[in-house]
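Chains as they are written, first to last, in the working numbering: chain A, 253 to 579; chain B, 253 to 579; chain C, 253 to 579; chain D, 253 to 579.
Take these hints with a grain of salt, some might be off.
When chains are identical, the list treats them as one kind, so a pair holds in a single copy or across two.
[What the hints assert, rightly or not] Derived DSS-like pairs (lysine-lysine); straight-line CA-CA distance at most 30 Å: (1) Lys388 with Lys414; (2) Lys414 with Lys373; (3) Lys524 with Lys339; (4) Lys388 with Lys430.
Please keep in mind that the hints were generated in silico from the structure rather than gathered at the bench.
Protein chains: 4
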Amino acid sequence: MNFNIIRTARAILNVTNLEESRRFYVNALGFVETESDDTHIYLRGLEEHVHHSLVLKKSDHPSVEVISYKVFSEEDLEALSVFFNKKGLKTKWLEPGVQHAIGRTLRVQDVSGLPVEFFAKMETVDRLLQRYDLYKGAKVQRIDHFNCAVTDVEKAYNFYIKELGFACSEYTTADDDKIWAAWLHRKPTVHDVAFMNGVGPRLHHIGFWLSDPMSVIHTCDVLASIGYGTSIERGPGRHGLSNAFFLYLRDPDGHRIELYNGDYLTSDPDFKPVRWDIDDPMRQTFWGHAAPDCWFNEASTVLDVNTGKVVDTSDPLLEKKKPSIII
Amino acid sequence: MNFNIIRTARAILNVTNLEESRRFYVNALGFVETESDDTHIYLRGLEEHVHHSLVLKKSDHPSVEVISYKVFSEEDLEALSVFFNKKGLKTKWLEPGVQHAIGRTLRVQDVSGLPVEFFAKMETVDRLLQRYDLYKGAKVQRIDHFNCAVTDVEKAYNFYIKELGFACSEYTTADDDKIWAAWLHRKPTVHDVAFMNGVGPRLHHIGFWLSDPMSVIHTCDVLASIGYGTSIERGPGRHGLSNAFFLYLRDPDGHRIELYNGDYLTSDPDFKPVRWDIDDPMRQTFWGHAAPDCWFNEASTVLDVNTGKVVDTSDPLLEKKKPSIII
Amino acid sequence: MNFNIIRTARAILNVTNLEESRRFYVNALGFVETESDDTHIYLRGLEEHVHHSLVLKKSDHPSVEVISYKVFSEEDLEALSVFFNKKGLKTKWLEPGVQHAIGRTLRVQDVSGLPVEFFAKMETVDRLLQRYDLYKGAKVQRIDHFNCAVTDVEKAYNFYIKELGFACSEYTTADDDKIWAAWLHRKPTVHDVAFMNGVGPRLHHIGFWLSDPMSVIHTCDVLASIGYGTSIERGPGRHGLSNAFFLYLRDPDGHRIELYNGDYLTSDPDFKPVRWDIDDPMRQTFWGHAAPDCWFNEASTVLDVNTGKVVDTSDPLLEKKKPSIII
Amino acid sequence: MNFNIIRTARAILNVTNLEESRRFYVNALGFVETESDDTHIYLRGLEEHVHHSLVLKKSDHPSVEVISYKVFSEEDLEALSVFFNKKGLKTKWLEPGVQHAIGRTLRVQDVSGLPVEFFAKMETVDRLLQRYDLYKGAKVQRIDHFNCAVTDVEKAYNFYIKELGFACSEYTTADDDKIWAAWLHRKPTVHDVAFMNGVGPRLHHIGFWLSDPMSVIHTCDVLASIGYGTSIERGPGRHGLSNAFFLYLRDPDGHRIELYNGDYLTSDPDFKPVRWDIDDPMRQTFWGHAAPDCWFNEASTVLDVNTGKVVDTSDPLLEKKKPSIII
């Protein structure tokens with residue numbers, strides 16, 4: 253493989269009410285609103301020097317239009333196009349100007365049916381990392397990763413590692429040693445994308461990184477203060493797997509956002525992925541709290557990159573059992 | 253009333269295995285072990301300049317021997333003795349020397365049947381507040397309060413306020429405006445003692461104060477690291493009532509310990525107690541997490557100050573309903 | 253003495269530009285502005301349920317009009333009036349209505365020449381402790397103490413302890429065992445007022461309490477972000493004496509504000525004050541940073557309670573030496 | 253250039269007393285001691301899965317034997333050897349077994365005269381990230397970067413960027429637009445190595461990353477508690493450049509260690525380096541504290557990779573002025 257994929261870059265979430273979404277993401281969580289128009293809000297974190305890492309798009313129904321990765325150069329886009337076409341997977345080019353603030357993009361339906369986008373260029377803006385006077389809510393720093401429910405984790409795992417050059421940091425195996433979930437990265441953090449066995453393809457959550465653990469606590473307090481207590485779905489808690497100090501929220505359309513702090517450096521090529529057995533109690537939420545059923549069962553539907561229609565979901569290959577200890 | 257009660261001072265918990273208790277309280281939670289013998293461990297927090305605030309006593313069965321308040325002077329003890337005798341409540345003197353490290357004490361069975369002790373003097377020791385090299389686990393700073401399940405909260409409320417001079421910071425009322433729970437203090441924090449409607453008399457928990465919210469998070473991490481994950485019963489979370497950032501633990505004998513940070517100053521005599529309706533969603537765990545059933549149903553049995561036998565419990569006067577929102 | 257003084261309650265600072273002061277205290281530090289008119293801004297902390305704890309008053313020159321203590325009842329005011337008159341110290345009554353939002357007040361020039369005020373009643377307002385959405389800047393919680401430079405610390409010490417019923421938590425002695433500085437309290441924290449040997453009478457600083465140590469760090473970041481970097485005079489650091497994690501700021505008129513977190517409970521009547529030798533290295537800034545000269549030399553002038561004129565200052569009785577280790 | 257250098261990996265510091273060094277690094281700062289013998293102590297941070305990131309080596313005089321980078325493969329070592337030989341710079345191979353716990357290494361004297369080492373393999377050990385029970389002192393997580401004083405920053409800058417493939421995150425220019433200091437990275441953090449204009453070649457400090465800002469504060473408290481207050485040279489404070497929340501310590505031999513939290517992701521190839529003018533007040537310590545002279549003037553001498561003798565230092569090309577605002 254010769255694709256220099258840099259990192260998780262952005263997602264486009266279809267939402268039903270832009271004002272309600274703004275209230276949640278900007279007012280409550282403290283995302284920076286770079287720009288907006290009648291049908292889009294472009295958001296970024298405080299350390300991000302690019303135009304946006306999250307697009308909220310007005311739509312009749314909530315769904316995920318696409319999840320995006322930044323690549324090194326235009327040549328990588330070309331190579332990816334050739335590759336996906338050769339694999340018989342749907343592709344679609346969006347020329348510069350079609351999407352606001354970013355350059356030419358390649359959209360594909362990946363091996364799991366997820367709508368994925370690659371681009372090399374995005375407009376840059378001022379990084380607000382040291383504008384502490386603007387910090388509020390969760391003080392979101394940057395986008396970190398996607399977590400996707402797919403029907404065949406091993407297929408996704410092999411595709412992303414062997415074909416797209418991702419590395420695995422941690423993974424979970426079921427009884428028969430099949431991979432039940434896997435955390436994969438390009439940038440040297442725990443992950444840019446995770447795949448979990450489940451009804452798919454669906455987007456389980458988008459992870460955003462916070463600068464310190466107290467920001468997780470403060471987020472809960474702020475959300476509760478202004479009537480968003482019910483948006484807190486799970487946490488705060490510590491993941492055994494990945495060591496993240498996490499908080500899971502549901503936005504006004506039900507899209508799931510993870511805010512977290514923690515992680516570790518995964519730069520070394522000889523780093524051995526950490527294997528967890530699905531029933532190993534050490535894998536569970538580190539402090540022993542069970543995840544609520546909704547966290548296990550609910551996720552965002554995704555769209556077809558060509559038709560824009562909802563991609564049908566299927567049951568997973570492995571038993572859809574809910575480990576008491578899932579993360 | 254003319255009793256100058258200073259503050260919540262200590263508790264004596266009967267435990268079945270001193271070594272297991274030491275491992276939990278000293279090794280894991282970081283209590284300072286001032287002294288111990290074959291049947292007692294005397295513990296204190298890092299800022300405490302007194303010999304102990306918690307006594308673990310070897311016993312065949314877990315129970316609460318007594319909960320104690322420090323009073324201003326020996327004269328207060330005398331006045332309390334006269335008062336409790338006049339009220340027809342059991343009293344018992346323990347002369348200096350009978351109990352290690354503290355002076356003359358008066359024990360009583362209070363109006364709810366709880367074993368309560370008053371004393372004016374305890375040996376002093378070095379305060380370890382600035383021995384940061386000794387900080388570990390929860391870095392417990394000091395004892396703060398008792399929370400007791402009683403069958404008649406209004407009776408306890410009136411007794412402690414009108415007779416013993418406590419003040420109320422916050423309280424909860426049930427449908428009929430009856431007091432369902434109340435937080436009472438002598439020192440100007442939210443409470444020295446709280447009474448909740450329930451099967452009683454029992455001790456629900458002892459609250460210890462931590463220096464900062466991160467210590468609550470670190471406690472969870474340390475407990476999980478060394479196999480005490482199942483000791484975490486509830487939290488971390490924020491109480492709406494009292495604003496405490498809390499964590500509830502169960503010690504090896506099931507005694508419940510609250511570790512928390514937060515609180516506010518309640519020094520003003522014209523401070524109006526905060527009233528919460530039991531079904532007011534604003535009263536609940538501030539972030540909206542429900543308390544587990546065990547937190548609601550389980551508590552430590554208490555002993556008779558004269559016979560040393562377990563005090564029988566009764567059902568509460570008010571409906572024993574579990575508010576989804578109890579704190 | 254029979255004065256039930258509750259706690260440090262408020263100060264009136266004369267400032268030269270209300271808008272600049274508002275920008276500093278409200279916009280940058282996050283004080284809550286309860287109310288204001290053409291010549292006053294009334295500020296309070298997030299946990300305060302009283303109308304204000306700081307009054308900024310438009311004036312041609314910066315100075316301190318008065319520092320105030322809350323007392324238990326009107327009877328305490330009467331008793332204090334009799335007492336101060338008997339001592340031959342200046343007194344002045346301000347009847348209800350004369351000062352906005354507070355009841356009858358007694359103003360006196362204390363034994364050190366400081367303008368001091370006592371009152372029993374202040375209008376109450378909503379406590380904003382759980383309005384986390386409003387938290388910004390330093391997220392100031394409540395007023396805590398005054399620190400005053402006086403020429404004769406022992407005289408002030410004896411007056412406040414023996415006559416006004418304060419207790420001493422910690423003190424510093426010079427070579428000849430004279431008291432060089434003392435920390436005195438009514439509420440059970442380290443202090444409501446401290447007296448330090450120096451050119452006096454002057455107000456060295458007003459201390460406000462923050463909810464956690466990270467708020468001190470965040471304050472520095474926010475101040476620097478919006479051009480107030482030069483307002484940071486000293487810290488963040490840890491005081492050996494009192495264990496406060498502190499930050500000293502100078503407001504636009506040069507008034508010094510301490511923001512801090514830390515402290516410990518001083519409720520016990522048999523608590524022995526901690527004695528520090530002025531040259532004991534353990535007394536110094538705990539981490540070993542020296543205080544800048546301006547911190548040692550500069551302080552706010554105070555006014556005569558009757559004439560409203562600046563009170564002349566004198567050199568202190570003890571050598572005005574600057575300990576490398578002063579706090 | 254075709255060298256896949258992964259990241260800053262370790263340093264070998266010569267120290268005069270292993271026991272004193274152990275007391276400082278292990279007991280006080282909380283480094284994990286992986287292994288030791290009569291003449292070496294091998295240390296690592298809590299998240300590190302490799303044998304060590306710091307070697308303390310018994311010697312008569314303090315100095316820096318070498319600073320090391322991990323490369324992707326043995327082929328990178330060969331290519332680097334060819335490259336450095338071609339450049340006429342000293343090289344030296346250390347075969348596997350010569351140095352404990354690491355594979356074949358190439359040592360070179362770089363373009364600034366610094367002793368630099370490259371290796372691909374190091375023994376792995378258990379990562380202790382989730383052994384929170386072992387966390388103490390600074391709870392050091394991992395090595396992050398080297399900061400070196402060199403006489404010709406532009407030469408070093410060009411060599412590391414154009415020849416070795418580093419990227420620049422931030423840099424400082426002097427009056428004549430010459431580069432006065434530069435922060436360069438391979439892994440996508442602010443830096444793996446920084447070069448500052450000064451008497452060189454010398455090692456200014458080694459930077460270690462902490463998991464959260466409170467760990468910086470706690471480090472100060474712990475150091476002060478056990479008599480290491482004088483080891484605190486500078487901070488805690490916030491760097492404008494890099495946004496690090498920093499603390500600089502001097503070890504018992506005077507080697508400087510930076511402990512910090514902060515940083516941001518520098519993964520994007522089109523990220524534009526941030527330029528700071530040396531006299532731009534925005535570049536200074538973010539909160540406005542000046543660095544002490546010793547921080548500016550003192551640094552560790554380095555050794556010749558072949559002779560093991562101290563490398564002579566020279567004055568820098570640019571004026572050796574001390575910006576009030578240096579970081």
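To see whether the hints hold, each was checked on the structure:
no., hint, result
1, Lys388 with Lys414, "neither (41 Å within a copy, 41 Å between copies)"
2, Lys414 with Lys373, "both (25 Å within a copy, 23 Å between copies)"
3, Lys524 with Lys339, "within (29 Å within a copy, 36 Å between copies)"
4, Lys388 with Lys430, "neither (43 Å within a copy, 38 Å between copies)"
Consistency note: the structure conflicts with the earlier hints numbered 1 and 4.
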